[in-house]
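Participant: One letter stands for each residue in the lines below.
Protein chains: 2
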Amino acid sequence: MEGIQVQKHENETIKPLDPEEFRKQGHMVIDFLADYYENVEKYPVRSQVQPGYLRQRLPESAPCEPEPLEEILRDVQKDIVPGITHWQSPNYFAYFPSSGSTAGFLGEMLSTGFNVVGFNWMSSPAATELESIVMDWLGKMLKLPNEFLFSGGGGGVLQGTTCEAILCTVVAARDQMLKKIGRENINKLVVYGSDQTHSALQKAAQIAGINPNNFRAVSTTKADAFGLAAEALRSTIEADIEAGLVPLFLCATIGTTSSTAVDALNPLCEVGKEFGIWVHVDAAYAGSVCICPEFRHFLDGVENADSFSFNAHKWFFSTLDCCCLWVKNPGALVKALSTYPEYLRNKASESKQVVDYKDWQITLSRRFRSLKLWLVLRSYGVDNLRKFLRSHVNMAKNFEGLIAMDKRFEVVVPRNFSTVCFRISPIEIGKNQIITMEEATNNFNSKLLESINESGKIYMTHAVIGGVYVMRFAVGASLTENWHVNLAWKVVQEHANALLNMS
Amino acid sequence: MEGIQVQKHENETIKPLDPEEFRKQGHMVIDFLADYYENVEKYPVRSQVQPGYLRQRLPESAPCEPEPLEEILRDVQKDIVPGITHWQSPNYFAYFPSSGSTAGFLGEMLSTGFNVVGFNWMSSPAATELESIVMDWLGKMLKLPNEFLFSGGGGGVLQGTTCEAILCTVVAARDQMLKKIGRENINKLVVYGSDQTHSALQKAAQIAGINPNNFRAVSTTKADAFGLAAEALRSTIEADIEAGLVPLFLCATIGTTSSTAVDALNPLCEVGKEFGIWVHVDAAYAGSVCICPEFRHFLDGVENADSFSFNAHKWFFSTLDCCCLWVKNPGALVKALSTYPEYLRNKASESKQVVDYKDWQITLSRRFRSLKLWLVLRSYGVDNLRKFLRSHVNMAKNFEGLIAMDKRFEVVVPRNFSTVCFRISPIEIGKNQIITMEEATNNFNSKLLESINESGKIYMTHAVIGGVYVMRFAVGASLTENWHVNLAWKVVQEHANALLNMS
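Protein sequence lines, in the order shown, are assigned to chains A and B. Residue numbering for the first sequence follows numbering that gives the first Met the number 0, starting at 0 and increasing by one per position. Residue numbering for the second sequence follows numbering that gives the first Met the number 0, starting at 0 and increasing by one per position.
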């Protein structure tokens with residue numbers, strides 16, 4: 000019996016990477032995904048499963064015997080797809096988009112297929128060199144000053160996410176400063192952002208060992224459109240210096256997560272310079288659109304910052320993860336992050352003629368991420384990329400126009416890019432309810448949003464800005480067209496009608 | 000003229016994610032990669048390009064107009080492939096493998112295709128739940144104690160790389176300790192490894208703000224097979240305590256990078272317990288093979304550690320990046336790494352019934368990495384996975400046997416897994432040269448390795464262990480079969496013959 004078993008196995012030897020099996024199964028998954036995109040509108044955008052749904056459906060242990068791909072794909076359809084929130088749906092308007100694209104997908108396929116571990120130049124020269132070239136291309140498209148490009152003594156690197164980009168720059172700034180003031184003063188270092196800055200900054204500071212008491216979320220106001228005011232920053236810094244602390248790092252944001260507010264870089268960088276702090280510009284979402292000349296002014300002042308990053312996986316068609324970081328002084332990163340164990344020594348590194356990106360990031364191993372950016376840039380071309388981004392902005396403008404025609408709603412903060420923050424305004428609720436207070440309005444809008452999202456027809460998320468609960472309508476999913484936006488507005492109105500009639 | 004141009008563009012509107020275009024182009028890239036695997040043996044394993052080769056070939060800026068995929072793939076073949084070091088080649092024996100597989104590739108395709116950003120449960124429940132389930136499956140396959148599984152109060156999470164896994168656990172341990180002893184004592188914390196521990200530990204400690212003077216690389220000896228001796232650790236710790244420092248964290252290794260040495264976990268964990276330090280077990284390379292009962296004993300004692308990790312992208316067919324981390328006390332990670340801004344608030348998180356993996360890692364955004372592990376486990380089944388791993392070990396044994404038959408060579412340290420550390424022994428060089436010193440032997444082996452690698456026929460890398468320069472022959476590339484190993488040995492002998500005749 001056991002002999003027969005062995006015989007059977009010998010005849011049906013499975014190889015982990017047989018080219019013909021790869022080809023056959025690869026085509027099957029391409030078709031599966033193409034079908035998925037064709038049908039993605041049919042699924043509820045926000046997943047409707049309950050916590051623990053999957054454990055009930057899957058076995059308790061991994062199978063001993065192999066299972067055919069057909070069966071696995073059936074299970075993906077049956078068990079996984081219902082548990083997915085469909086970020087690629089044209090009716091997805093939540094958070095910020097994670098804009099996939101054919102070219103980005105193909106680039107990721109090539110990267111996964113070659114599966115090189117490009118920690119240094121030697122380990123796969125093309126991975127390092129293409130990354131440097133593409134980062135220079137992108138830097139030029141964004142009209143970053145030459146100091147951020149390799150030709151100007153700076154350089155760009157692909158991180159996974161903005162969290163990593165900020166952590167790397169905080170650590171570089173920290174070590175530069177500690178070298179000056181002595182490591183015993185680490186608890187005096189202070190990191191600055193605004194109350195609109197992404198939580199990535201606080202987390203990075205925390206990981207880097209910055210005293211949690213020394214994280215400053217400087218308050219913003221509606222009057223400043225929730226941008227960080229240079230004067231507020233200055234007085235916070237001055238108070239810290241007075242208290243014997245040492246200002247270290249500022250993260251300014253172009254397009255905040257809650258409301259896409261913009262921190263004015265010129266005055267902030269001036270303050271930064273005055274106090275000798277590292278200024279990082281986080282344009283995670285809005286950086287992409289600054290390749291359009293009419294949006295470039297939002298980056299004015301970046302020439303005075305120390306580092307700049309944006310997420311190509313957010314609104315630049317480059318599938319998660321792909322964060323583009325440029326620094327003026329790569330040496331500061333390298334000093335803080337380099338290691339050079341014997342087993343990685345090689346002639347090329349010793350020649351100092353090459354970039355070893357392992358010293359520009361947290362991890363040693365790194366994927367060949369530049370392939371997807373290269374494919375996106377070449378497959379679409381700069382003109383089309385601008386066209387795509389402008390079409391998203393125009394769809395958001397259209398949505399804004401629809402809101403303006405319905406007096407019950409209001410746009411809460413000015414729209415800068417492709418995201419609209421809006422709500423049912425307090426007055427309208429007052430007509431149907433006795434409660435007219437801000438809190439009741441917030442509650443009502445929260446209920447409205449939940450009702451919309453539960454329908455599965457569209458998906459938006461919320462923010463609270465200056466105490467006001469807003470629904471965020473973020474356009475940027477790659478399949479979204481203008482008629483989806485019109486339909487989304489109808490969904491919002493229908494749910495508002497129903498809720499207002501009930502109340 | 001301009002009118003015609005506009006007309007043309009309107010007719011040929013490019014969409015970033017058209018399902019039919021996706022299907023067509025996806026099939027093209029699958030075929031491109033299948034052809035690549037069929038031909039990968041023809042390329043020199045280690046890239047032979049010179050620094051700067053690519054900048055000479057590519058334009059200085061991104062194109063304005065779109066380019067067809069056919070042309071881009073021609074350029075990949077012409078400009079990128081020569082600059083790749085072929086980690087997927089069957090003749091790749093360098094560093095550790097990055098073992099790709101059809102199933103791993105398909106899983107990555109699905110993950111990229113869905114392109115969800117699974118930072119919390121809500122953002123895509125399936126991403127979180129499948130990860131928890133698969134990590135439990137894997138934990139059971141490794142016979143990890145129940146305390147590391149979700150059912151036992153612990154849990155597993157997928158990180159990108161071991162660097163991240165170690166950084167997260169160092170930060171968790173740091174904050175736990177600082178809560179006890181006060182943040183003003185951060186400069187007293189000490190982190191321990193051996194002189195064989197991966198540089199990831201030193202880098203993680205450095206990023207976490209541990210005083211660089213307080214990183215201990217405890218010396219190992221040949222007598223201990225380069226494993227970390229508990230007594231050496233204890234005396235180092237005692238000296239630190241004497242000096243007023245605070246022991247924090249130990250990283251023990253199962254399968255070191257240089258020589259795949261093994262730190263004996265039981266006695267080390269005992270010391271760890273005695274001094275109240277966090278013990279992390281880094282089995283980046285060798286963890287995989289511990290799913291085979293005959294190798295499981297290398298993990299004995301892991302039940303007394305605080306955390307354990309291995310890289311599924313190294314020797315578990317799961318393409319970069321995919322590091323599996325288990326912790327006994329997820330609360331420690333969450334305390335150190337959680338953020339909960341308003342825009343991420345949701346009912347599921349508030350119910351406390353779900354895992355929000357963003358609080359178990361450095362970054363907020365995260366890919367749906369568990370899909371590739373799920374596909375690997377199901378497509379091959381546990382029995383085949385064991386078979387694959389054993390076949391690699393057997394190939395390494397075969398190589399070892401070939402070395403033993405040629406008296407000029409020696410195996411320098413005992414082989415534990417699928418990596419053989421060997422060299423031309425000093426005596427043989429003595430026959431042809433007047434120099435018999437260790438240094439001359441090292442130089443000779445270094446020259447030999449460079450000559451072998453330059454040939455492009457196979458690729459190995461080196462290490463220096465206890466002052467001895469060794470060539471590392473690491474088996475594990477998914478396409479490698481035994482005849483590749485035999486051929487590799489012939490290449491080594493040929494180059495040795497040539498060099499010995501010359502000298």
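Don't read these hints as lab results, they were simulated from the structure. Even for Gly, the Cβ is constructed at its ideal location relative to N, Cα and C. Do not rely on the hints blindly, as some may be mistaken.
To be verified - One side of the interface only, derived from the structure: several residues of chain B facing chain A at Cβ under 8 Å:
#1 16
#2 181
#3 183
#4 214
#5 218
#6 414
As the list claims (entries may be wrong) - In silico SDA-like links for lysine to any residue, alpha-carbon gap of 20 Å or less:
#7 A:456 / A:488
#8 B:14 / A:299
#9 A:272 / A:221
#10 B:406 / B:343
#11 A:446 / A:501
#12 B:179 / B:34
#13 B:14 / A:480
#14 A:14 / B:495
#15 B:446 / B:410
#16 B:142 / A:64
#17 A:346 / B:441
#18 A:178 / B:210
#19 A:221 / B:56
#20 B:456 / B:406
#21 B:139 / A:62
#22 A:334 / A:354
#23 A:139 / B:447
#24 B:221 / A:456
#25 B:386 / B:295
#26 B:446 / B:402
#27 A:351 / B:51
#28 B:41 / B:51
#29 B:446 / A:343
#30 A:221 / A:178
#31 A:14 / B:402
#32 A:346 / B:410
#33 A:142 / B:62
#34 A:456 / B:56
#35 A:489 / A:449
#36 A:446 / B:402
#37 B:351 / A:354
Stated by the list, open to error - Far from chain B, by Cβ distances over 12 Å, these chain A residues were calculated:
#38 203
#39 238
#40 241
Participant: Each of the hints needs a verdict: does it hold here or not?
Facilitator: Hints versus structure:
1. 16: Since the shortest Cβ distance to chain A is 4 Å, the answer is holds.
2. 181: violated, 10 Å
3. 183: holds, 6 Å
4. 214: It is violated, given that the least Cβ distance between residue 214 of chain B and chain A is near 11 Å, above 8 Å.
5. 218: violated, 15 Å
6. 414: With Cβ-Cβ at 17 Å, over 8 Å, it is violated.
7. A:456 / A:488: Status holds; Cα separation ~11 Å.
8. B:14 / A:299: violated, 31 Å
9. A:272 / A:221: It is violated: about 27 Å lies between the C-alpha atoms, which goes past 20 Å.
10. B:406 / B:343: violated, 65 Å
11. A:446 / A:501: holds, 12 Å
12. B:179 / B:34: violated, 59 Å
13. B:14 / A:480: Holds, at about 10 Å.
14. A:14 / B:495: Given pair residue 14 of chain A, residue 495 of chain B is violated - Cα atoms ~33 Å apart, limit 20 Å.
15. B:446 / B:410: Holds: residue 446 of chain B and residue 410 of chain B sit about 18 Å apart, inside 20 Å.
16. B:142 / A:64: OK: residue 142 of chain B and residue 64 of chain A at ~19 Å, within 20 Å.
17. A:346 / B:441: holds, 16 Å
18. A:178 / B:210: Distance ~12 Å between residue 178 of chain A and residue 210 of chain B Cα, so the pair holds.
19. A:221 / B:56: violated, 51 Å
20. B:456 / B:406: Not satisfied, since the Cα-Cα distance of roughly 23 Å exceeds 20 Å.
21. B:139 / A:62: The hint holds at about 12 Å.
22. A:334 / A:354: holds, 14 Å
23. A:139 / B:447: violated, 45 Å
24. B:221 / A:456: Not OK: residue 221 of chain B and residue 456 of chain A at ~66 Å, beyond 20 Å, violated.
25. B:386 / B:295: holds, 15 Å
26. B:446 / B:402: The given pair, whose Cα atoms are some 19 Å apart, holds under the 20 Å limit.
27. A:351 / B:51: holds, 12 Å
28. B:41 / B:51: Given that 20 Å is the threshold and the Cα spacing comes to 24 Å, the pair is violated.
29. B:446 / A:343: holds, 16 Å
30. A:221 / A:178: With a Cα-Cα distance of about 40 Å, the restraint between residue 221 of chain A and residue 178 of chain A is violated, given a limit of 20 Å.
31. A:14 / B:402: violated, 27 Å
32. A:346 / B:410: Judged against 20 Å, a Cα distance of about 25 Å means the pair is violated.
33. A:142 / B:62: Status holds; Cα separation ~15 Å.
34. A:456 / B:56: Given pair residue 456 of chain A, residue 56 of chain B is violated - Cα atoms ~48 Å apart, limit 20 Å.
35. A:489 / A:449: It holds: about 16 Å lies between the C-alpha atoms, which stays within 20 Å.
36. A:446 / B:402: violated, 73 Å
37. B:351 / A:354: Answer violated: residue 351 of chain B to residue 354 of chain A is near 45 Å, above 20 Å.
38. 203: violated, 8 Å
39. 238: Fine: 21 Å to the nearest Cβ keeps residue 238 of chain A off the interface.
40. 241: holds, 20 Å
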